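Mind docking chain B on chain A? Use the hints.
Quick mapping for you: the protein sequence lines, in order, are chains A and B. Under the numbering used here, the first residue of the first sequence is numbered 1, with each subsequent residue one higher. Under the numbering used here, the first residue of the second sequence is numbered 1, with each subsequent residue one higher.
Warning: the hint list may mix true and false statements.
[What the hints assert, rightly or not] Just the calculated beta-carbon pair ranges, DEER-fashion:
1. Lys108(A) x Val95(B): 38 to 48 Å
2. Pro49(B) x His120(A): 19 to 29 Å
3. Gly113(A) x Arg93(B): 34 to 44 Å
4. Glu34(B) x Asp14(A): 35 to 45 Å
5. Lys108(A) x Ser104(B): 39 to 49 Å
6. Leu102(B) x Pro13(A): 18 to 28 Å
[Unchecked claim] Cross-link-like lysine-lysine pairs, in silico, DSS-like; alpha carbons within 27 Å at most:
7. Lys52(B) x Lys108(B)
8. Lys52(A) x Lys108(B)
9. Lys52(B) x Lys52(A)
10. Lys108(B) x Lys122(B)
11. Lys122(A) x Lys52(B)
12. Lys122(A) x Lys52(A)
13. Lys122(B) x Lys52(B)
14. Lys52(B) x Lys108(A)
15. Lys122(A) x Lys108(A)
16. Lys52(A) x Lys108(A)
17. Lys122(B) x Lys52(A)
No lab work stands behind these hints, which were simulated from the structure alone. Since this is a predicted model, take the numbers as computed values, not measurements. Just so it is clear, CB atoms sit at the ideal spot from N, CA and C, and this is done for glycine as well.
There are 2 protein chains.
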Amino acid sequence: MIGRLNHVAIVVPDLDAAVRTYRDGLGAAVSPPEDLPEHGVTVVFVTLPNSKVELVAPLGETSPVASFLDRNPAGGMHHICFEVADLGAARDRLVAEGMRVLGSGEPKLGAHGLPVLFLHPKDLHGTLVELEEVAR
Amino acid sequence: MIGRLNHVAIVVPDLDAAVRTYRDGLGAAVSPPEDLPEHGVTVVFVTLPNSKVELVAPLGETSPVASFLDRNPAGGMHHICFEVADLGAARDRLVAEGMRVLGSGEPKLGAHGLPVLFLHPKDLHGTLVELEEVAR
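Same shape as in the complex, but just chain A (with noise of 0.2 Å):
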């Protein structure tokens, strides 16, 4: 069912000291920042072959990566995504199976404008999952 990896997010307090990181340092292609206040948040894409980085900084006073950092001040891997040709189908199928979507358990628009939703860690071994509908 699940497709390709879309992405690995990864939280980072500063978001201009990890783009001169993996810019500079790792020499990966890097976006410039982009503000996504409805999701609150600023992400920055890093572009590999054959999938991406994000990363992530809080925006806003009630950002919903805030608690993370709280949690994980220096940041971290905060959820892995992977791609489905149907979400519907998709949750039906892990709601099925006991797993819970977190949130209204209904498709949001996701950082990319795309139709995504994501499952409780507690259901995936401790691991934030985000699956993103992708039409191929």
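Frame of chain A; chain B shown alone:
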């Protein structure tokens, strides 16, 4: 400098349960478990079209992932691995920029039988980064 995202390693307390989740729940192709006593882990590869996830469980009394499970009993994302063409050159460049290589600083043979090294998470914004030399 860095190339493909080779894998994301996820440490889990119960490898059989994680295999069921990824194979039967998420519908991914999953390899048979492989014991790597010289690394103190048992691994399962989740093969995705563009990359892979490595599910890792401790093997033996002195597993290097045991302390991670002590801190994260449910499991969680452990490290991310990027490919490089020349590991020695990559190491020299990163050390010159002030990054720290874990252990002796010299490449070792990793779980795939290829030379690897790990960069200190404090120099990578809280994320443990593995570099693997892959000839392409």
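Tested hints:
1. Lys108(A) x Val95(B): 38 to 48 Å: holds (43 Å)
2. Pro49(B) x His120(A): 19 to 29 Å: holds (25 Å)
3. Gly113(A) x Arg93(B): 34 to 44 Å: holds (36 Å)
4. Glu34(B) x Asp14(A): 35 to 45 Å: Since the Cβ atoms of glutamate 34(B) and aspartate 14(A) sit about 38 Å apart, the hinted range of 35 to 45 Å holds.
5. Lys108(A) x Ser104(B): 39 to 49 Å: Given about 47 Å between the Cβ atoms, the range holds.
6. Leu102(B) x Pro13(A): 18 to 28 Å: Given range 18 to 28 Å: holds, Cβ gap about 22 Å.
7. Lys52(B) x Lys108(B): Since the Cα atoms of lysine 52(B) and lysine 108(B) sit roughly 21 Å apart, the hinted pair holds (cutoff 27 Å).
8. Lys52(A) x Lys108(B): holds (26 Å)
9. Lys52(B) x Lys52(A): holds (13 Å)
10. Lys108(B) x Lys122(B): holds (21 Å)
11. Lys122(A) x Lys52(B): holds (21 Å)
12. Lys122(A) x Lys52(A): With a Cα-Cα distance of about 25 Å, the restraint between lysine 122(A) and lysine 52(A) holds, given a limit of 27 Å.
13. Lys122(B) x Lys52(B): Within the cut-off at roughly 25 Å; holds.
14. Lys52(B) x Lys108(A): holds (26 Å)
15. Lys122(A) x Lys108(A): Given pair lysine 122(A), lysine 108(A) holds - Cα atoms ~21 Å apart, limit 27 Å.
16. Lys52(A) x Lys108(A): Judged against 27 Å, a Cα distance of about 21 Å means the pair holds.
17. Lys122(B) x Lys52(A): Distance ~21 Å between lysine 122(B) and lysine 52(A) Cα, so the pair holds.
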